[in-house]
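Engineer: Each chain is listed here by its residues.
There are 2 protein chains.
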Amino acid sequence: MQKNKNCNVVLLGTGNVVWHLGHAMLKSQISLIQVYGRNKTQLTALANEWHVPFTDNLNCLSPEADIYLFALKDGAYQEICSVFPFRNACMAHTSGNVDNSVFQSLTRHGGVIYPFQTFTKGFPLAFHEVPLCIDTNDPECEGKLLFLAGKLSRIFCKISSIQRKQLHLSGVFACNFTNALYTLAQKIAEEKELDFNLLRPLIAETARKVQTHFPEEMQTGPAIRNDIEIIKNHIELLKDPQIKELYHILTECIIKNAKNKS
Amino acid sequence: MQKNKNCNVVLLGTGNVVWHLGHAMLKSQISLIQVYGRNKTQLTALANEWHVPFTDNLNCLSPEADIYLFALKDGAYQEICSVFPFRNACMAHTSGNVDNSVFQSLTRHGGVIYPFQTFTKGFPLAFHEVPLCIDTNDPECEGKLLFLAGKLSRIFCKISSIQRKQLHLSGVFACNFTNALYTLAQKIAEEKELDFNLLRPLIAETARKVQTHFPEEMQTGPAIRNDIEIIKNHIELLKDPQIKELYHILTECIIKNAKNKS
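These protein sequence lines map, in sequence, to chains A and B.
Per the numbering used here, the first sequence starts with residue 1, numbered consecutively.
Per the numbering used here, the second sequence starts with residue 1001, numbered consecutively.
One chain only, chain A, in its complex shape (with noise of 0.2 Å):
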């Protein structure tokens, strides 16, 4: 595909991904030609907003597409792939974990374009901001991968399939679990009548301090104070005997690092 020639993308699947990744694609200019999707309520939904064609039937799929693209669980790749009706198509999909050789048996131009965010239908962003991490063993398919990527966002590598996992952990601890505590935060501060409101500022200055450096330069509490006094304070304040271990945990993982560091 040259550098100035359009890219035809059908995506595959309804999700918070597929939502996402349609919304970016319609300000680019890349081309979303069809929607393919199981679940006919979304699927409609979809389409709907973004006025593109759509199938719940694969074998009315566009044979047109540079890339298709799929955005599934990651359980339903082995059954698609038994009912794909292209071979040798270039097929990405976008999760973190599925292998980049799950389409191998249909072609040899498949891969992985990982978009490393939390996306939430309904939930608009900055797409230009989200990394998208290509991953494939066919230069055609990464050419494809590579010239889509610098489309939708300003932020695009190669890494591979052992990075992609790695970095879907990583991201679970920096957003998932991050989440949890955000929720825990919040349960905690209102079971003393203390709105969630008085959190948000400490909670998007906590994210914004590791924008422009570590999280090790940022660290502040009483873990890193060592205030032993306080930590025994809040562990008696707890109640649930896993909150307090989780307690400990962080606080010891805290305390270690710091000592590694000096």
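Keep in mind the hints are simulated off the structure, nothing from the lab.
Each residue gets a CB set at the ideal place from its N, CA and C atoms; glycine is no exception.
None of the hints are false.
Each computed PhoX-like pair below joins lysine-lysine, with the alpha-carbon atoms no more than 25 Å apart: (1) A:K244 / B:K1261; (2) A:K232 / B:K1073; (3) B:K1239 / A:K259; (4) B:K1261 / A:K73; (5) A:K232 / A:K244; (6) A:K187 / B:K1261.
Among the chain A residues that face chain B by a calculated CB cut under 10 Å, a handful are: (7) F119; (8) F177; (9) Q186; (10) E193; (11) L194; (12) I203; (13) A204; (14) V210; (15) T212; (16) E217; (17) M218; (18) E229.
Following the hints, position chain B against chain A.
Structural biologist: Here is chain B on its own, set in the frame of chain A:
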């Protein structure tokens, strides 16, 4: 103190909180008339930066302050109270944990103005977005602290001592432990030569999502999808038994929380 009057403040301390409070005062209509500190290097640095009088001798404290505002280490209050030169002044500290009665041997007008934020010296922030929580049993002190708070921030409220201590605890989860997770995420990424820059947009977005929504609504990842396969893979990828345990606990928190909701 009338609403249209100025407010003279003496700041006691030279740490992160004082650095931010002082900057906020210099931008406001509050008069920072003096800074006291025991650490001469830090004290001189602050005084030179701000061009305000300073002293390391409590006997040279200005008697003109409407509020003596302390931001010391939690353990330092007892000692300073034993040598503080004035009686019945308005005295307030900024700690999440120190009792609001800590000044009671010196004054009836003691209290707390707790800025609920993570402060790092030299890392500026929008102080008018910092929630200032006022905890005092004295009406005169309350009036002065509310006046001060209203000049420094658009977010201020009265809270009880029990609420303040609980808020501090919730902040440890929302900020200090969250930052510890960022550090872990960085280490996990760097094990496979992945740059922390890849994680920054994810961290920013995770915090941004809860500025307008509750974290429960924004939870993503393998735990909330109950994706046993990935969870198993992830725990295998982790080497440190304590981090494995951390993964377990946070995954269970997310699953339990989803069950309680549905």
